[in-house]
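Once you have looked at the hints, place chains E and A on chain Z.
Residue numbers (our numbering), protein chains in the order written: chain Z, 37 to 334; chain E, 57 to 340; chain A, 272 to 521.
Simulated from the structure, these hints should not be mistaken for laboratory data.
Every clue listed holds true.
Within a straight-line C-alpha distance of at most 25 Å, the following computed DSS-like cross-link-like pairs (lysine-lysine) qualify:
| # | chain 1 | residue 1 | chain 2 | residue 2 |
| --- | --- | --- | --- | --- |
| 1 | Z | K331 | E | K159 |
| 2 | E | K64 | A | K385 |
| 3 | Z | K331 | Z | K233 |
| 4 | E | K64 | Z | K233 |
| 5 | E | K334 | Z | K141 |
| 6 | Z | K239 | E | K71 |
| 7 | E | K155 | Z | K331 |
| 8 | A | K284 | E | K334 |
| 9 | E | K155 | Z | K40 |
| 10 | E | K64 | A | K355 |
| 11 | E | K155 | Z | K47 |
| 12 | E | K64 | A | K382 |
| 13 | E | K71 | A | K382 |
| 14 | A | K399 | A | K386 |
| 15 | A | K355 | A | K299 |
| 16 | A | K454 | A | K299 |
| 17 | E | K66 | Z | K234 |
| 18 | E | K242 | Z | K40 |
| 19 | Z | K239 | Z | K331 |
| 20 | Z | K233 | A | K355 |
| 21 | E | K156 | Z | K45 |
| 22 | E | K64 | Z | K234 |
| 23 | Z | K233 | A | K385 |
| 24 | E | K155 | Z | K45 |
| 25 | E | K156 | Z | K47 |
| 26 | Z | K234 | A | K385 |
| 27 | Z | K233 | A | K382 |
| 28 | A | K382 | A | K399 |
| 29 | E | K64 | Z | K239 |
| 30 | A | K408 | A | K386 |
| 31 | E | K159 | Z | K47 |
| 32 | Z | K141 | E | K71 |
| 33 | Z | K234 | A | K382 |
Label-pair restraints from in silico Cβ distances:
| # | chain 1 | residue 1 | chain 2 | residue 2 | range |
| --- | --- | --- | --- | --- | --- |
| 34 | A | Q340 | E | L73 | 29 to 37 Å |
| 35 | Z | S83 | E | I68 | 57 to 65 Å |
| 36 | Z | H173 | E | F189 | 44 to 52 Å |
| 37 | E | I68 | A | R330 | 23 to 31 Å |
| 38 | Z | P137 | A | K399 | 42 to 50 Å |
| 39 | Z | I245 | E | K155 | 24 to 32 Å |
| 40 | Z | K76 | E | E67 | 56 to 64 Å |
We treat Cβ as the ideally placed atom computed from N, Cα and C, and that holds for glycine.
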Amino acid sequence: MRNKTRIVKDKLAQGIMLTITVLAILLVAVIAVGLYLKSKPVLEESSLWTLLFSSEWRPMKGAFGFLPFIMGTVWVTLLSILIALPISLLTAIYLTEYAQPMVRKFVFPALDILAALPSVIYGVWGVLVIVPFISRHLAPHFVDFSTGYTVLAAGIVLGVMVIPLLVSLFIEIFSAVPTDLREASLALGATRWQTAKKVVLRKTVSGIIASTVLAVSRALGETIAVLMVCGCVIGIPKGVLDACYPIPALIANNYGEMLSMPFYESALMFAALILFVIVLLFNLFSRIILYRLEKSEM
Amino acid sequence: MNVARSKKWKEIIAKLLMWMAMLIVFGFVFSVIWTIFSKGCRVMSWDMITKLPGGGFYIGKEGGLLNAIVGSLYIVGASTVLGLIISIPVVFFMNIYLKKDSKLAYVARLAFDVLFGVPSIVYGAFGFTVMIFFGLRTSLLGGIIVITLLIIPIFIRTMDEATRNFPRDILEASFALGATRWETLKVVLRQIAPGIATATLLSIGRAIGDAASVMFTAGYTDSIPTSLSQPAATLPLAVFFQLSSPIAEVVDRAYAAALILTVIVLLLSITGRFITNKFSKNKV
Amino acid sequence: MSIEIKNLNVHIKENHILKNVNLTLPEKQITCVIGPSGCGKSTLLRTLNRLIDSTEGVRLEGEVLVDGQDIISSGAEITELRRKIGLVSQRPCPLPMSIFDNVAYGCRINKMFKKRRQLIYHVQKNLKAVGLLDEIKGRMRTPAARLSIGQQQRLCLARSLAVRPEYILADEATSALDPISSKTVEDLFVSLKDQYSIIMVTHTLRQALRIADNVVFMYLGQVIETGSANQVFNHPQQELTQKYLSGAFS
Chain Z
37 MRNKTRIVKD
47 KLAQGIMLTI
57 TVLAILLVAV
67 IAVGLYLKSK
77 PVLEESSLWT
87 LLFSSEWRPM
97 KGAFGFLPFI
107 MGTVWVTLLS
117 ILIALPISLL
127 TAIYLTEYAQ
137 PMVRKFVFPA
147 LDILAALPSV
157 IYGVWGVLVI
167 VPFISRHLAP
177 HFVDFSTGYT
187 VLAAGIVLGV
197 MVIPLLVSLF
207 IEIFSAVPTD
217 LREASLALGA
227 TRWQTAKKVV
237 LRKTVSGIIA
247 STVLAVSRAL
257 GETIAVLMVC
267 GCVIGIPKGV
277 LDACYPIPAL
287 IANNYGEMLS
297 MPFYESALMF
307 AALILFVIVL
317 LFNLFSRIIL
327 YRLEKSEM
Chain E
57 MNVARSKKWK
67 EIIAKLLMWM
77 AMLIVFGFVF
87 SVIWTIFSKG
97 CRVMSWDMIT
107 KLPGGGFYIG
117 KEGGLLNAIV
127 GSLYIVGAST
137 VLGLIISIPV
147 VFFMNIYLKK
157 DSKLAYVARL
167 AFDVLFGVPS
177 IVYGAFGFTV
187 MIFFGLRTSL
197 LGGIIVITLL
207 IIPIFIRTMD
217 EATRNFPRDI
227 LEASFALGAT
237 RWETLKVVLR
247 QIAPGIATAT
257 LLSIGRAIGD
267 AASVMFTAGY
277 TDSIPTSLSQ
287 PAATLPLAVF
297 FQLSSPIAEV
307 VDRAYAAALI
317 LTVIVLLLSI
327 TGRFITNKFS
337 KNKV
Chain A
272 MSIEIKNLNV
282 HIKENHILKN
292 VNLTLPEKQI
302 TCVIGPSGCG
312 KSTLLRTLNR
322 LIDSTEGVRL
332 EGEVLVDGQD
342 IISSGAEITE
352 LRRKIGLVSQ
362 RPCPLPMSIF
372 DNVAYGCRIN
382 KMFKKRRQLI
392 YHVQKNLKAV
402 GLLDEIKGRM
412 RTPAARLSIG
422 QQQRLCLARS
432 LAVRPEYILA
442 DEATSALDPI
452 SSKTVEDLFV
462 SLKDQYSIIM
472 VTHTLRQALR
482 IADNVVFMYL
492 GQVIETGSAN
502 QVFNHPQQEL
512 TQKYLSGAFS
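One chain only, chain Z, in its complex shape (with noise of 0.2 Å):
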């Protein structure tokens, strides 16, 4: 009788897991229809083809053309990944080729506290560090005037961000290279460079594409810290010197505002599923290689 008092709990329990299971995996479906929910009007508005590559952005009038934001966007991811992949493959290959366990005990606890700061302090970081920077000594180079809030300053408070990020899953990757590869390299006269540049990379190149579409993915998202630096002019940047209006920050700014005109809120959740889908979409297929690569080492 004991035994199946036992028995019961123990199906209980599973029966209970596997409900907050599955109702936790549904939130990813649950996101998604909301969000499309939410954005019915303005698609039913206007079609998925203005809403995408139209320019015109006038809330008052209902014209929702989510080009400039788009390209903001773009152009911040772009710049970011540009600044934080060459920083990043190098210092992987450096701590998982080179460097001896005194050098990691220095560098893990520097790309710990990158990786834990808030995106916010990284705002703060960008408006008193960067944005000067670029408005007092780089930009005058280049343009007349430059208040600083520019695609670049983005780029590269963004580009801080995901170091951490990409360092981990590069140094991950690599330390997974079966140390022999290495060896049977080294021992035809390979100097560590060449090893590290012919086999390590070879090997590991669907893994290095697949962390940096996670990276990407990351940026897209980013928001408080590229709206702090960002300029939030509408309109689409023609240079890295040019303020911007990335997606993140056009949903941030506006709540306030999106009850007070129709289709306002809607158009701001369509922006939100945008991001919900490009990020779930990059998740996804990184994600999937990078899995496929973990079984293949066991």
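Here is chains E and A on its own, set in the frame of chain Z:
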């Protein structure tokens, strides 16, 4: 030996580049920390921590940050507890009830990895629509719900990692004694306690620093909320809103808030690394 | 052209792995290093081409003279040393690239050829030397990982030969192979010994009996006995060697 020399030079150049990359990383860390501390320490005072802002947060010259500190503590505390309650069963289920190559476990891990990647602004926007649906206004409750959603994937991913490396032998030893899976949980729980601790620290760090999601859902206020339906201030938003004020005293409050936030997050991070190091040492 | 080891001591962290090793490895012959597992055979090999450097906490003392030059003293050019001393490891380890690129890898690293035609010819020559050329006809551009494990090991040998080494180190090079591939690789080593000096670690005594010209017996980090195969196998001087050969311990 021309070849050997060119190889040597390339090696040296590569090494130099790598040193530069690491120097840049250190430079960034130093610059951020130094900026926050040099600005923050100058304006830090006892009043900052113990007083509410007087006369409105955009213009008030008097007072401190107590509203934001308490608001953040409320939200983080509640959502951490909720997050733990929801995540622990999920992690156990994935690792002990499901088989290693189970399809459901694969889908679940993928889903949580994806949720982990969802930007907080999307959580905020989603939370906002849900609140409107239920007729809620910006409130402490809204903030707690959204932050809970935000940290669940962090909890699950981190704990899952700790549990996955859990030796199967111990599980099997417990099963072999006739224990059900439910009873085996107690054994596992004790073993992965350090993993749970690190996961909690990570989640708290993320929860306390996130601004984009609470902006929509918790709102901002000068006072301390007395019920779940009142809006609540948070530290990151205290930084964000007050930094752009034209009044120097208000900007100072932003710096102070940034300092407090940074110190909390650094402490959490250091403790986390400490626990991980100690944990992995015991394991080897 | 020979390798001479004088008073070599290797420490890894607190462990004294090789103790006062003195050896002369003759050229154009097969020298088999035998001994129970954990006696330092592999460490000895890894010291000869300095792959040991990547081991954490390693300390080297003494002299290893390769062609009269000490390779332990820091001035020695390690990559050139490694080119000169090829290594075939226990398990075949094809690099993540095509069969052709695997063999061409070392040549490219060392910039051995200016013309592509020369490189192709050289790769084919070396694949032929290990008997792979006919087996993989038309598959030169496929990933090396698709070869059978025995073929992979021969590929690794071809890869080592392609950089024109003077010595070949083989670390239990046949232990992961099936008996037939094992025999093929073994025969290959015998056929190569008039061009290269081969130093082979093995723990199968019968293999050493079959192919060794010289034998080095090691035990707990020390060289116990060394001499021609005939001498060591048929008239061992040391009691430990006798015990080992009669299978008293392994």
